[in-house]
Each structure stands twice: as C-alpha cells, then as structure tokens.
Amino acid sequence: MVRAERVIERLRAVSAPTPEAARARLVAAVSARQAHRAAASAPLLARSVEPSDALPAGAARAEVYRGEESAARRVIEIAGPIVKRSRSWADLHRNLAEHGIAYAAKGSGAVFIVDGIVLKASTCRAASRAKLEARLRPFQPGPAGDGPPLPQGHHRAPAVPSPRAAPGIDPALFAVARQAQTAAGAAREAYDATYPELNIAPLLKAAVVGPAPRAAPSARTLARRIGKPLPRLAPVRQPEASGSNLSGLLALYDAGMQAERYRVVAERTRSPASSDQDGRHRPVPNRLVQLTPRPMVGIAAGWSALEQAAGSDSAIYLTPISDERHHVVLSGLQIEDVGRLQAAGFAPTLVLDRRDGRHEVVLTAPNRNRPFEQAALAEAREHLRLSLGLGRTRFGLRIDAAERPGTALPGAERHAPRIYAQIVTATGMTCERLGRLISHFVAVFARRFGLGPGSRLGRGADPDDGTPHADAALYWAHRADLLARWQGRWPDPSRVDALIARRLRSTGHSEAAVAALVTACAPGVPRIGRRAWTGYGRRAAAHAFRDEADSCWAFDRATPAMWAELEQAVKARARPDKPKPTPSPVPPFAGPVPLPPSEARLGATRRKASNGRGDPEGPGER
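Residue numbers (the UniProt record's numbering): 1 to 622.
The hints are simulated quantities; they were obtained by calculation from the structure and are not laboratory data.
Certain hints may be false.
In silico lysine-lysine, DSS-like type, Cα no more than 30 Å apart, as pairs [unchecked claim]:
| id | residue 1 | residue 2 |
| --- | --- | --- |
| 1 | 228 | 205 |
| 2 | 106 | 84 |
| 3 | 205 | 131 |
| 4 | 120 | 84 |
| 5 | 120 | 106 |
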C-alpha cells in the first residue's frame, strides 16, 4: 500500500507542470496560433475595380420598395458628370443649382443636399472634398453661402416624397404607390394630432386612442395586387467614357474572338523592392485585381483604373465569355506548338505574340446547347492541353509580355508604357475540328450517363411508400436534361425544382398538378434539412407560376419547344407498344492531335470522378 502511494506521488510530480513550464507552454501555444493566423492571411488578396460609382444598398432598396428615384441616383447620374467637368467652384455651384442640388461643407468634409436629403459627398467618388480641393483649390461656398442649417444625420426621410419615379417602374404603379403613400401620411398626421401629448408614449396612446395607422404598402405589394410587373432595380446610368490607351488593341482582340463579355484579371507575381532592417526582402502576398465580366466597351473604359490599381509589375489576363460560342484558350505555346496545332487541322481564331518566345492561341466553336455540352468542352480543352504538353492557366489569355524588351532606354523603365501582346492572326472564324472534337466527347458523355429518367443524372431514391407519381418520369427527365445542360457549379436542388416547375407550367400542367408532382418526387433527391415537402412543392409551383421576371430562369439552356419534345419522348417510352429505339450515329472524329512517339503518353485525358468534374452528382464545376 505504501509503495502504491509513492508511485502515485511520483506520477503527480511528473505530470504537474511548474509555473515556468506552464508559461513556456502558453507562449508556445500563442506563437503557434499567431503563426497559423499569419499563414492563413498569406493567400492572394483579390478585389474588383469598377470604373463607376455604385448605388448604395439603402437607396437601391428604397427604389424597389417605394418606387421613387433615390437622391443617391441623382447625385451619381447628374452631379457626377457636373463635378468632373467643372473648372472652378463657382462653375460647380452654378451648374448644380440648375438641377436643384447644393454642395455644402460640413466639418472637414462636404455633403450634397437633394430634395431635402443630406448625402455625403463621397457617394460620388469624384466629388469628395479632398479631391475637389486638390483640383479646384480650397473650398469656396456658393453665392447663398452654405445654405440653411443642415439636418442632423444623413438618412432623414424627406417631408415630401420624391416626384420622380425610379427607372424600371411602371408609371401606373408609381401613381398608385404615390396615392397610397399620401393616404398613409395623412392618416398618420391625423393620428399624431389626436392627443399629441401622448406621442412620447406610443403604447399608452395605442391603449387610449387605438393602434397607429399602418404604413403604406410597398410598390412590390401593390404590383401584385393590381397585376403589374414587379419593380426591378435599374443600373446606374453612366456617362460614356473612352480614352483608354489600349482601345485600338482591345478592339482588335474583340474582333478576333467576337465574345459578348470579357473578364480581366491582373496578378502581381513579383514582390516590390523593399527590405527590412536586416536587408532581407519582405514577403508580400500576391494581389489580384479584376474587372468583372462586361462588353469590351466597358473594359476599355475601366482599363486605366485597372492599370493604376494593379501596378506595373503585374501580369494581365483576358478571358472571353460568350453564350453563342465556345472559347478554348491555350497559353504559353512555342512557335512549334502553334505549327503542330495548325497541322492537326485546328484553325486558331486569334494568335498573340508575347515577345518572350511564347504565344497565346484561342480556338472557337459554336455553342449548340446540347446535353453535356460544357462537360465535353472541358474534356476537349484538357485533351488539347495534355496533347501539347501545356500547363494549366489560371485566368485565361495572357495579353502582356513577361519582360520589357532589351532595347528600352536606361532610366526610362518607370515611365515607359506597358508592353502588350501583339496580334499575329485574328480571323474571327470558328474551328470545325474543335467542333467535331466537342461532338465526340458529347457522345461519350451521353453513352456514359445517358438521358431521361433512367440516367445516372436523373433518378434519385425511390419514394417511401413505394408508389411513384403518375408523372414522375417527366420530373426525372426534366431534371436530367437540366443537369446535363448546366453551366457553372452544381446547382442547388431547390433551384432545379423551380426550373422544373416552370417547364411543366409551359407544357400545360396546372399549378396544383405541378405542386403535387414536386412534392412527390423531390424527396428522392439527396438534400439537407428538408422535411415539409407539401409546402416546399407549393412554393416551387407558386414561384414558377407567379414570378415571371426572376433571373433564375436564365439558367435554363433549353427552349420551350425542346421541353415539349422531351415530354413526348418520355411518354412514347412509357407506351407498351413503343418501337425499338434506333441507335444514334456517333459524330465523326478524326483522332487526337498527332504527336511524336516520345510524347504519346500525354494523350491520356480521362479523369477520375473524384475531382468533381467527372462526378455527375458532385459539386465540382462543369
């Protein structure tokens, strides 16, 4: 017994940490936590560069729900151009006064006064007091001084509603909304005038006089009542801006690729020449600056802002985006690779020379919106990349040279313009060989996954009671067709059900029938947190039958005629006397790009399903 007690005392002595040991452990834990945080903050820093001002969220919500033009929109659309072209403070105040807008100082900053509403001057970025004083000298008030005392706060509602309707709202709906607001305001004034001494105690006044009158219904509620389209937020109207130093070259890029939109990304890959106290270079994380997808006119308008935000040590990439064409970008090719590509029958629509021995090639093919079209495009892109021995590109077409030419004058590097890739070929034609390659992989995916209710993309789990709905085959067929045509990340099941309900409505099904079908079939799809299926089916059907202008409908890549043909094919397969299906012909495929024997192993392009793209039920990109 004594021996056991001694052993226990020794174990306690060993396990009990001393104050110094405990402090050391704490310091080590804090250091590890700080190191983890430092490692977590090291990835790329990304931000978007917009060449225009954006409408604040509160103003946008007011326009949609009240139907009135916001003061922020007038500042951006009317005061913004005036501020940019004014050459003196007197000119600025005079031009703003013509539109009923005042610019006044407040503290160390400035504000706009529009319809009695006070907005900070930075609502329009060019109108900040610091920027105007740097351009127009110190602030000078208008002829009437700074005007009446400014009301407290920036978000006080005007005493009189705005007489102007918001863009994107029906005039008749705006008139009804104004009448409702006037009636609600009059009722509120009459209520406040009754026993005004009780206004400081709303609960007591409600018990004595009665409940306060309700506020005016929103414009969206009134639109549903009178059968008008729901008000939508219109984009801010921007003045046409040009003057980009690459407008001519960007126009040539656009003529070669003929895409509807473009996305530009600038990536800084080199750290600045700065050192710490020990003389060592400080690690600086890479920085990404992008222009969101827009037409080439918008890209040219925001190019100067992109260059300024990205810096001179960044690489710039251009990605074409189109609904009518497929674009395959091959980056970093040697001149021999371009020749091999052309010898194999591929006709590039655009070839760029980066002046560092590398070339950029763009191949285009028509988009026919067939099932598995996007998956076949990804497979064709991977096939070409591996056949030519190219690496993966992160952002698409690189349009700048890696290094400046050696003929630049000494000392002129800082002020010299950027060097961009020059055009070797810009035909703008589609590549027939790429179209046949995509058709080949479309047939491969169709044989692998199939279409209709029996495909791997279509059917989920069987219903709990074992009796399927009479039209369940239509639901699973539409679901398979939607997923086969989907572009982008794998969709949420509720969005797919809304699209299925819209298709069923267009093919003649009633709202009650669509709700019953979604309620019966939706539990078979793998989901998370869904239990009340009856209400879920009703909401999906109501969304499809009542919300006509939802942006969700743009994700459906098929036409109503194709929906009707799909249902006819499903009903034909369900008939007992249906004819035997005839095998569809496989599109001709001339084979892969010919390669030397030493590089033949690069032709294997089949990927596993675990990477997300090959798994039909996975979350990867298509």
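Hints the structure fails to honour: 1 and 3
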